[in-house]
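Now for the letters of each chain:
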Amino acid sequence: MAEALAKDHFIGKEHAHGKTFDLFARPTTKTGLVGWLTTVDHKKIGMLYAGFALFFFLVGGFEALLIRTQLMVPNSRFISAQLYNELFTMHGTTMIFLAVMPLNAAFFNLLIPIQVGARDVAFPRLNAFSLWVFVAGAFMLNIGWFIKAGAPDIGWFGYAPLTSKLFTPGLSTDLWVMGLQTLGLSSIVASLNFIVTIINMRAPGLTMMRLPVFCWMALVTSFLLVLAMPAIAIALVEVLFDRHFGTNFFEVSGGGQPILWQHLFWVFGHPEVYILILPPMGYVSEILPTFSRKPLFGYPIVVFSGVAIGFIGFGVWSHHMFTTGMGNVATAAFAVATMAIAVPTGVKMFNWIGTLWGGQIKTRTPMMFALGFIWMFMLGGFSGMMHAAAPADAQQQDSYFVIAHFHYVLIGGATFGLLAAIHYWFPKFFGRLVPEFWGKLSFWIIFTGFNCTFFPMHFLGLNGMPRRTWTYDANMGWNEGNFIATMGAYLLGLGIFTYFAVLIYTFFKGEKCSNDPWDARTLEWSIPSPPPEHNFKAIPTVHARDAWWYEKNHQEEIAKEMAEHMKAEEAHGGIHMPDQSWYPLIAAFGMLIGTFNFIQLHEPVLMFGSQLLSSHLPLALTGLGILLVSCYLWSLEGPGGYHIHLDAQGNATSPRGDHY
Amino acid sequence: MTRTRSGFRNFFRIGSALVGGLLLTLLSGCNLADKINKAFSLSGPQSTIVVAGPVAQNQYDIFMVTVWVTTGIFIVVGAVLAYATIKFKVPDNHSSDSAPPAQGHGNPFVELGLIVASVVLLVIIAIPTLKGIWFTHDVPEAEKGNAMDITATGYQWWFKFEYNTETVQLPTGGEALLSTANELVVPAGVPVRVHLRTIDVIHSFWLPKLAGKVDMIPNRANFLWFKADKPGYFYGQCAEYCGESHAIMRFRVIALSAADYVKWLDNQKHPARTVTAASTAIDAGHARVEFASLTEVGAHSILSGSPEFDADPLAGWKKHQQISSGENAQLIGEGRRLFSAKTCTSCHTTMGHDGGGIVGPSLTHVGSRSTIGAGVLENTPTRMRQWIKDPEYFKPGNKMYHGYGGMQGYVKLNEKGEQVPNIVLNDHEIDALVAYLQSLK
Chain A
1 MAEALAKDHF IGKEHAHGKT FDLFARPTTK TGLVGWLTTV DHKKIGMLYA
51 GFALFFFLVG GFEALLIRTQ LMVPNSRFIS AQLYNELFTM HGTTMIFLAV
101 MPLNAAFFNL LIPIQVGARD VAFPRLNAFS LWVFVAGAFM LNIGWFIKAG
151 APDIGWFGYA PLTSKLFTPG LSTDLWVMGL QTLGLSSIVA SLNFIVTIIN
201 MRAPGLTMMR LPVFCWMALV TSFLLVLAMP AIAIALVEVL FDRHFGTNFF
251 EVSGGGQPIL WQHLFWVFGH PEVYILILPP MGYVSEILPT FSRKPLFGYP
301 IVVFSGVAIG FIGFGVWSHH MFTTGMGNVA TAAFAVATMA IAVPTGVKMF
351 NWIGTLWGGQ IKTRTPMMFA LGFIWMFMLG GFSGMMHAAA PADAQQQDSY
401 FVIAHFHYVL IGGATFGLLA AIHYWFPKFF GRLVPEFWGK LSFWIIFTGF
451 NCTFFPMHFL GLNGMPRRTW TYDANMGWNE GNFIATMGAY LLGLGIFTYF
501 AVLIYTFFKG EKCSNDPWDA RTLEWSIPSP PPEHNFKAIP TVHARDAWWY
551 EKNHQEEIAK EMAEHMKAEE AHGGIHMPDQ SWYPLIAAFG MLIGTFNFIQ
601 LHEPVLMFGS QLLSSHLPLA LTGLGILLVS CYLWSLEGPG GYHIHLDAQG
651 NATSPRGDHY
Chain B
1 MTRTRSGFRN FFRIGSALVG GLLLTLLSGC NLADKINKAF SLSGPQSTIV
51 VAGPVAQNQY DIFMVTVWVT TGIFIVVGAV LAYATIKFKV PDNHSSDSAP
101 PAQGHGNPFV ELGLIVASVV LLVIIAIPTL KGIWFTHDVP EAEKGNAMDI
151 TATGYQWWFK FEYNTETVQL PTGGEALLST ANELVVPAGV PVRVHLRTID
201 VIHSFWLPKL AGKVDMIPNR ANFLWFKADK PGYFYGQCAE YCGESHAIMR
251 FRVIALSAAD YVKWLDNQKH PARTVTAAST AIDAGHARVE FASLTEVGAH
301 SILSGSPEFD ADPLAGWKKH QQISSGENAQ LIGEGRRLFS AKTCTSCHTT
351 MGHDGGGIVG PSLTHVGSRS TIGAGVLENT PTRMRQWIKD PEYFKPGNKM
401 YHGYGGMQGY VKLNEKGEQV PNIVLNDHEI DALVAYLQSL K
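Residue numbers (our numbering), protein chains in the order written: chain A, 1 to 660; chain B, 1 to 441.
FYI, nobody ran anything at the bench for these hints, they're computed from the structure.
Label-pair ranges, simulated between beta-carbon atoms:
| # | chain 1 | residue 1 | chain 2 | residue 2 | range |
| --- | --- | --- | --- | --- | --- |
| 1 | A | Phe24 | B | Phe74 | 55 to 61 angstroms |
| 2 | A | Val237 | B | Leu42 | 42 to 48 angstroms |
| 3 | B | Gly104 | A | Ala333 | 36 to 42 angstroms |
| 4 | A | Phe507 | B | Leu42 | 45 to 51 angstroms |
| 5 | B | Val424 | A | Trp145 | 30 to 36 angstroms |
| 6 | B | Leu265 | A | Val237 | 48 to 54 angstroms |
| 7 | A | Gly255 | B | Ser340 | 36 to 42 angstroms |
| 8 | A | Phe62 | B | Phe74 | 30 to 36 angstroms |
| 9 | A | Gly170 | B | Lys263 | 48 to 54 angstroms |
Within a straight-line C-alpha distance of at most 27 angstroms, the following computed DSS-like cross-link-like pairs (lysine-lysine) qualify:
| # | chain 1 | residue 1 | chain 2 | residue 2 |
| --- | --- | --- | --- | --- |
| 10 | A | Lys148 | B | Lys399 |
| 11 | B | Lys230 | B | Lys441 |
| 12 | A | Lys552 | A | Lys43 |
| 13 | B | Lys399 | B | Lys389 |
| 14 | B | Lys399 | A | Lys165 |
| 15 | B | Lys389 | B | Lys319 |
| 16 | B | Lys318 | B | Lys441 |
| 17 | A | Lys509 | A | Lys362 |
| 18 | A | Lys165 | B | Lys416 |
| 19 | B | Lys318 | B | Lys230 |
| 20 | A | Lys512 | A | Lys30 |
| 21 | A | Lys30 | A | Lys44 |
| 22 | B | Lys412 | A | Lys165 |
| 23 | B | Lys416 | B | Lys399 |
| 24 | A | Lys440 | B | Lys87 |
| 25 | B | Lys389 | B | Lys416 |
| 26 | A | Lys509 | A | Lys44 |
| 27 | A | Lys148 | B | Lys412 |
| 28 | B | Lys441 | B | Lys342 |
| 29 | A | Lys362 | A | Lys552 |
| 30 | A | Lys512 | A | Lys362 |
| 31 | B | Lys230 | B | Lys319 |
| 32 | A | Lys362 | B | Lys87 |
| 33 | A | Lys148 | B | Lys416 |
Computed, partial: chain A to chain B, Cβ under 8 angstroms:
| # | residue |
| --- | --- |
| 34 | Val336 |
| 35 | Gln397 |
| 36 | Pro466 |
| 37 | Asp473 |
| 38 | Gly477 |
In this text, a Cβ means the ideal position worked out from N, Cα and C, and glycines have one as well.
Given the sequences, and given the hints that come with them, work out the whole structure.
Laid out in structure tokens, this is it:
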């Protein structure tokens, strides 16, 4: 009896005629606007993340080009000081929170379930919720460009007391505070989802030490996010309370300590650096073995150094604060800890080179970007070590030397890694191969433009040019360096344009390719391109670290095993898939309405110049209401789900499965 | 073997990866050798490489240790990486049916060896770093008795400097600390401890040729020290983003020989200089000044120092100490009256005259400074005229234009929240104010 019940539960029978509350019936359409808005498919969510992230990547890049144009010549009047301050604030915020992080989240979504041999993430609706909350946060941050308040102008670091009502009385700072808060929520929710997915949903035989390095890096990154985001969440709540409810966390006149903001910000902000770079380290650790036809050199030590970076990453935050007068002992401790973190980072470099050694290296486009990553990240690492020497950092801090350093790590490192990853997995998710010539051409333009832009900035910094400055005087010796940097920025912009133009061309007209065009090693290459909704015909059994490489060399054994698995799964009622839902989207919408109105609570609501309401309270409460009601209905709509049945060739018998 | 040929082809690719970016960097903007030399000589007025004092020297020495260590690592690691890429390269169309290479998983001894080597290299950097942290923190024990103390206070967007051990007798009785703005004069060869304070947001005191920066943080008693080896004229700048005109929060430090310093100090302790003349009635009927941006300032011209000044800034600064010939006493007297009548006195101090305000820079000896507007403009009558006419153009968001803490500036907000003119000056009035301020040597 118990067995029968358990089986019924497993195949979802009790939901067949379940009494669920459906204000919005669970949609079943897979295509069109409704299909995308209500999707819970990790691949579609990944695509949406990627689409939004690439859009903001271009926005951030455009902001950067405006900044570089202003700095092309001394005493330039191309844009005003105020606009310049808004631009560099939003360039940093956009690139970190709206471009690189969501692009990494896109790859987490696209790859983790497939690489661990699962059919979706652990909590599909929660996954959709993270996506739409991210969109809400992105909207909050950027809405300032279109309203009277203007975009935030406090720097991406928002140092108190510049964020207090006294110095930035306008709405723009509140938009920044609540925008980041919303994005933080999205990140925490998504990370919990990925942690559970990686730990609990691995296919049989996929032990932790057989997990692809990318999944390991995603796991470490997710833990970093879950632990680091609360620090900034608390700090942002404190700023919000200072601004609106008269608390004195950072209010100087009330005895507040602005230095505490810096500690809270950087105890988030430094792990954030690793949140940005660890996933690209994962992509590179996948790409190098594929194009060297060799397993990753020293897999355990690469994994452990990734974990070590995650741990030590929480103990070095004050190296962003060497000039704040922390005292000698604290400065010395953080300087030494920062040098220590160079060791596991160096270990990764050595192991990547070890992977190349003795391989058969094909320098296809993804490999070019991956090799570019290694070279550029190495240079960024060197200037990082220069910063770790605290007395030298007293000259470099807040100069263009720092800008050179972190762009080498975040463009030469993170972005090159992401560009490699896009090229590498593009055939998997679109079934078409990017033309090699144009891919390599875009690489060389990007590579040249990038170095042309940022290498001179080392010299500008050493020659005393401070960052975040709207203009500079002509007698400082900075004219030539700035001019070259601006020309480089245009070249970099041209390279990025070429890169995406080629991708768009490939999407429509590219050459179709096989399931495994690169002769790769991990599970995602074992399934069709683009992957079907259910990913795998049968949940694979993992026999070795490079699971697909093993399968390619043991085809008979695997075919037999797979047939058995398919039979067993069909006996359990077929492939169980999650149902779509409206509520993640509606909940995120409610949150957007609530927060946007909450931060201007005491302002009257104006429309066409006349006063509509005396305060924003009713609107804020409406948003809160939408959020709460949709969460409640979300929990009532039941787990849902349906089954897909496969024919002998492994194709779904009906696109909708046995949907009821 | 095909590998060799592709290896050569690849050598050029890797070669361009190594030097291509660098060469293009050097050549893309300009092709004149002297321009390249100028761009990378790193000897600008805020250079951290060509330094002029022991603190900056120590910071530079430590930087060079990191440069040599990382260059060494780059040569070794880069060579291995380049060699591996070239040696093990196969053509892009290499068949995936061919026999794969040995599927090696790593070598623990190599990995442990490299970890040990990394640690050794980091210790080489760590030792001078730790020594330097203590050395650059405070004046060395042996020189402490000799050190002088300055308090620097950051304002949005200028610096106030007070001499902690120098007092001036106030004309009204009592005494106050000697205070000046945006130009700090110190004796060369004497260690100077600067106590860093701020009145509003976080600023940072950066004097690249003499010392790395330390932040001015509210509710925090930071300090730094520096010593100028020889007399000289040094550029400094705020290095922490502090609001709209952060870019134009600059200052100067002038190091003088001991004898010159004493003379300067003596003059500073005098109240504002008075040019005697009969006051004339102020003509109020002139046209109002438009608040439009100036057009006579060339967009790319050097603002803070003319070529003649930059040729020898210290001599240029000394010239500013001299009283200019052909002073018009009547005009100066009129300027002095206007300075009160136009409410300049609410923010600026002119000790001995009517100015008593403390929220703006002290102008008691403004005529003797080499720059105005926190280091943005050279202090010439023309520049001062432009500055008084439209400060917003040179320093967006400045408090003289927008008002500060309830006091109104050049503009005020009307009941609708719109900006309307508050202080209006005609050209003659500006000339009078310039004549007066230039007389305050």
